[in-house]
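Peer 1: Here's the letter readout for the chains.
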Amino acid sequence: MPYVIGIDTGGTFTDAFAADQHNRLATAKTPSTPPNFADGFLDAIDGLAGDLGTDPNELLANTEYIVHGTTSTLNSLVTGDVARVGFLTTRGHADSIAIMNMEGRYAGLGSDEIQHMARTSKPPALVPCGRIAEIDERIDHKGAVIVPLDEDGVRESVRALLADDVEAIAVSLLWSFHSPAHEQRVRELIHEEAPGLYVALSSEVSPRIREYSRSVTTLMNTQVGPRLGAYLEPLQARLRERGFTGGLMVMQGSGGCVSAADAPGRAITTIGSVLTGGVVGCTRMAEALETGKVISTDMGGTTFLVGLVVDGKPVATTSTVLNQYAISTPTVDVHTIGAGGGAIAWLDTAGNLKVGPRSAGASPGPACYGDGGWEPTVTDADLVLGIINPDNFFGGRKKLRTQLAREAIDKVIATPLSMSVDDAAAAIYAIQNAQTADLVRKVVVNSGQDPREFTLYAYGGAGPMHCANYAADLGVNEVVVPLGATAAVFSAYGLAASDIILTAERSQPAPMPVDPAAVNAVYAELEAELDARLTKQGLRFSTVTYQREADIRYTMQMAEVSTPVPGGKLAAEHIGHIGRDFEDRYEAVYGKGTGFPDAGLQLITYRVRAVGTLPITPTLPDHARSTGDPIPSSEREVFLDVRVGRQRAQIYDYRALKAGHRVMGPAVVEAPTTTVALPPGTAGTVDRLGNLVIRYRTETEEH
Amino acid sequence: MPVIPVAGSERFAESGQPLQTSGPFGDVILHRVSEDITAGLDALTYEVIRHRLVAVTDDMGDAVKRMSGSVVVTDCNDFGTGIMDEAGETVQVGLYNMQLGSALDMAARWTLTNRSANPGIREGDQFLLNDPWVGGGLHQNDVTVLAPLFHDGQLFCWTAAVAHQVDLGGVSPGSWSVDGRDVFWESLPIPPVKIVEEGQLRADTEDMYLRRSRVPRLVGLDLRAKIGANNVAHDRLTALIDTYGPDTVKAVMKKMMNDAEARLKAKLRELPDGTWSSVAHQDGGRSGDREIHKIVVAMTKDGERLTFDFTGTDLQVEGIINCTYAGLRGGILPVMLTMLCPEMSWSPGGVFRCMDIISEPGTINNCTFPAGIGKASVNSAWATQNAVSETVAEMLITHPEFGRSAMSVCCGTWDLTLLSGVDQRGSGFATMICDPTAGGLGARVDNDGVDTGGAHCIPMGRTADVEINEFNFPMLYLWRREEVDSGGPGRWRGGVGASSCFIPHDSPVGEVHLVVSANGKAVPQAAGLSGAYPAATQWDVLVRDAGVREQFAAGKIPRSLEQLGGRTQVVPPHLETDLTPGDVYFTHWQGGGGIGDPLHREPERVAKDVGEGKVSAHAAHAVYGVVLADEGRADPEATETLRRQLSRRRVGLEPEQSPIDSGARR
Amino acid sequence: MIIDFNLCTDENGAVVCRHCETTIGDSRSSPMNKALRHARPSVDAGPGIHADPALFVDRGIMLRQVSCPGCFTLLRTEIVPAEEPSYREWSLR
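Chains as they are written, first to last, in this note's numbering: chain H, 126 to 828; chain V, 3 to 668; chain G, 9 to 101.
Worth double-checking, as some hints may not be accurate.
[To be verified] DSS-like, lysine-lysine: derived pairs with alpha carbons at most 27 Å apart:
no. : chain 1 : residue 1 : chain 2 : residue 2
1   : V       : K269      : H       : K536
2   : H       : K536      : H       : K479
3   : H       : K479      : H       : K567
4   : H       : K267      : V       : K558
5   : H       : K536      : H       : K524
6   : H       : K438      : H       : K661
7   : H       : K524      : H       : K154
8   : H       : K479      : V       : K267
9   : H       : K479      : V       : K269
10  : H       : K523      : H       : K154
11  : H       : K694      : H       : K267
12  : H       : K536      : H       : K523
[Said to hold, decoys possible] Listed next, the stretches of chain V that the computed footprint assigns to chain G, with coverage defined by at least 3 CB atoms under 8 Å from CB atoms of chain G:
no. : region
13  : 279-291
14  : 516-528
15  : 618-628
[As the list claims (entries may be wrong)] Incomplete in silico selection of chain V near chain G, CB under 10 Å:
no. : residue
16  : L203
17  : A205
18  : Y246
19  : T250
20  : K296
21  : A300
22  : D304
23  : A389
24  : G489
25  : S532
26  : P575
27  : G598
28  : L655
29  : P657
What the hints contain is simulated information worked out from the structure, not anything from laboratory work. We put the CB at the ideal spot given by N, CA and C, even for glycine.
Using the sequences and the accompanying hints, generate a full structural model.
Peer 2: Set out below in structure tokens:
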């Protein structure tokens, strides 16, 4: 009977998914309600209850926990609606966050923007200089106290900040990750002056070497923490009023969730909250389908998101860039380019055809929407090529005007290039696919993997129209288009199916081989810390596992390679194994012969991830089995392959397709939420969960 | 001592001109493509393959960065990557140190011409060089690994990775020998030698190369990084050729250069014809030299061509600051790419076709062997860049749209601080402190220059965190901060530079060796435009027997040079010395030049700058003519009066007698 | 056409101040010949000159400024060795 619910609050829609242990599923999609996102959250609960034919309060009363993907943190940072923060740092180093290691002028920008050097700038300061105070204190690289903490100076600075009405204080001192005593004492002093004030210490938020990103991470955490609390606390109260006694969890960028009570203190970890649901969904789907390696591609209206799942886990990164600031927080590695369905096709001054990164977005949208957009987009090209059915876009909920799409492509692309409109549309389609393939390849290769070993998942409104093409370019085995029960709310499904994941890490740079006693001590502390935090979540877990890793590099390299570390008490031979494992991984990423043990190895950061598996795991229901062959609903001329051009293709209505049905390309499958293009040479099979699995036919099969 | 002419050294002086002969090149057959295949390329194929080629130089850069062990590479991005066609023309360079993308073509042509018969150029070979007369890098520290790619037995194209290595021998640690008089004081150049033979790293060549370094392990790691980058590129290019066919891929390469040429010419046609000239000064060519050495350039734009005429530039000097023709080109290309070509493919092969260079061999930025070039990249090449950047920016700001890509001169030169000795773990070390990567950028037509925004030739530079430097090297920072008044005053202010102040810390031997080489101390080097002031002079100070440790013990961290105590020594442009544990070193690098008259800057902006520590109250008054009232706001009336007085003083007139008089005029 | 922040040319090629419309010269032959020129020791340029150039070099270093004769707007500022001619010039064709 008990339910688990996933609620993913995006900018436009709030997606919801509920499941119990007996394969009872419900889904709901309701409009988001900015700025009061909690209203949309509760509407989505109502929607789920409606789908289940029950009362919302009864549903809540029977819900064990809710996992929530929220835009709150990202939204606060993007819109600048953040807490008024004061910043305390080591004397002589206040400018670190302004100098930004210089990289802040271009971090996160595309090469087109970086080339235009005179047009690049640093982002606005995180804190005005009047709310930054330097403290006399100094710790060195060994953790030795060189200058004791000037407690009077701290008190004085804190009083000045309080007089300036700060709502929260961030503290980031040099080498605090190594020796946090000064930061901890600063917090005590702040609380003597202002009991209960929100304080974040860099040694807790991001205990990693490199003061610039540690300070930025701590500052941003301090800016969003109070806001996240102000969103979650009333939401939780409203849920309680309606009879909810379970746990409210918040999805983190790491792909695991954390309790709502614990989230504000580590708010920065929720920055990727809404980006990761899809990847987690892919992880669960891959588990169900027993797929080892998955490329997750989500092509929506404005962006294209790529993530990877390897051996049942999302591929993670240890840092990310937001507003050109470097943030150190473990996140699922989701890459994005402005190449969604709304990406605009244009000619540069030399007459080269380009697609994106600018997007027509949801408003005015593609030219074919007829809402005032005049620039041709990828969606317009898809429409002209016959891939999209103008009368059946999003299940017929949006009528499209092919004539407007043709006119836009003609005016902007075809006429200037002396091409036919059809050829111009084909060129847009092909360039879009090639760019997408390039990005995906870069993501896969940079993580040290070979795309040919992967299955590609394509979801989002526009992805399935293009995936067979860009996936072919990558050489992947097969493409899965998740349809079936979860199609519309795939990321909410991912949330409901997630685990609790907490991460603890600490930099303690040292040359390898590190003394095993030191390694055992660090891991024991990190695991004890996680143990305490897991208990605080107030949940039952079916299992708890600890995954250790160490970031290692050849001496002086900038980037480390995260290397797994076995559990338990380690001896010298284990340390040797870890070093050799690092070297193997290094060569796997950079090629045979690139390793150079003579340079020496350094262990920089220790990390432990605690994964608490929750007792309810939603299982997806089986799709109805086929009896006979699939019957096309119609036929039309469609352009699906550059080498073939326009050709007759069978059109299928997804709702009539059953598990086991096989559809041969050239064909188009129209589903209520998306359209799947099957170019010649491909075959799509409906699997037992209702997904469409696309494979490339070999020559022999053709004959 | 007079410079001894070295007979036979002309053989290594690559001209920079396209390949003059069609061969033969030993048994090497070049893969060529006909004009009509290039002309017949469809827009779609072109764009897809072009995108891939750009991605290849990017992937090469990722590989170098990830694999290198030198902070100079990993943190400063002081490296370059490129793809050249079969004849060595540069098709595409990566977005790294643009100086280092500007002579890869020369290296490829020299290698093709001089190595194809003996020892031969074959599939799987890679060549190593650090001879700036041949090309590749700008000084001996820039080591290039050049890799020919074969397809079907024909030489299809070349790829190259080049990066700054921390030490390759020579008199001083770091290979910047500040007493050097000619190249024989420095790391000796290596002309192209086969480092990888048919896929195998040659142990003999590697040993010959690494034997010269004080940090051979680091340099060995970097060598693998560069070979690895070429391997990555070759895998990707081969896949591309297999998919599209060699002729199509080659045609795209040709068209990329043709396109860059056509687009740059179209842009030049829209600009007025005229001549803009400028000058750059360097104080001190080596330790003890009190001369000033100038580079003069007159840039003429005629129709769709640019000519850079360096006639009048000083003769090469006995010292370390000269640069070869590769350095001269390295001073021009970054400016051309960032200011004239920001919206096109960076295909230097096409860009070079739009310009002529007039320069006399034997001058300071086109020196002949055996002139000293140890610091070429950040001396005469950089100074060339400063002068060229002024002329190009002046031409651009005549145009309302193209002017938006212009900047005043960015950070005037590199404030070299090199530390070496024994690190806290007892190992030998030598490293350049890369903090000056955060120089100030020049002002723009509609905005201030970016504070601590970088250097012109490295669009994506980076400085290491203080903690990373303190972890790696025996040093402890008192501060690293942006510096007041370091940006050139103007209607738009140049970006501010910054300073670092540190002490030796925790070396088991106590002292740390220091090499300093930084020009611009007598003559500021980042000039302003349209009447604006240059950025501040470079300023480095050594304090002996400072009282820092006593202050630490008393719970205080000094905040200024004045608080350090001890004996203060203003550091000359070139110095080599030891820092003892009681000494402090302060290094203050340059900002960017301004644009427009500082008296035209809105007083509120000046007041804000004062509040944020970018401009001092003194400069606000004396240079910007802004009178600050209570709470740091500008007093409009007093400001107007003061500005009128300053503008008279600037032309040599006495101030007006009565402020009432000026009130009446308003 | 516009030359820079301070100057433009009129239809006859004369160089004119954009702030006060004073004619400064001819854009082809002598663009700035009517401008006011004044030189001072470089340390007069303000706090950006950190040290006396005599510490480093033997030649005198000057702040040379060129201004509009009508409104005294700065047209050029350079800090250069005293005895050197100004290499910073321009002309249109």
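Peer 1: Sort out which numbered hints this structure fails and list those numbers smallest first.
Peer 2: 16, 17, 18, 19 and 29
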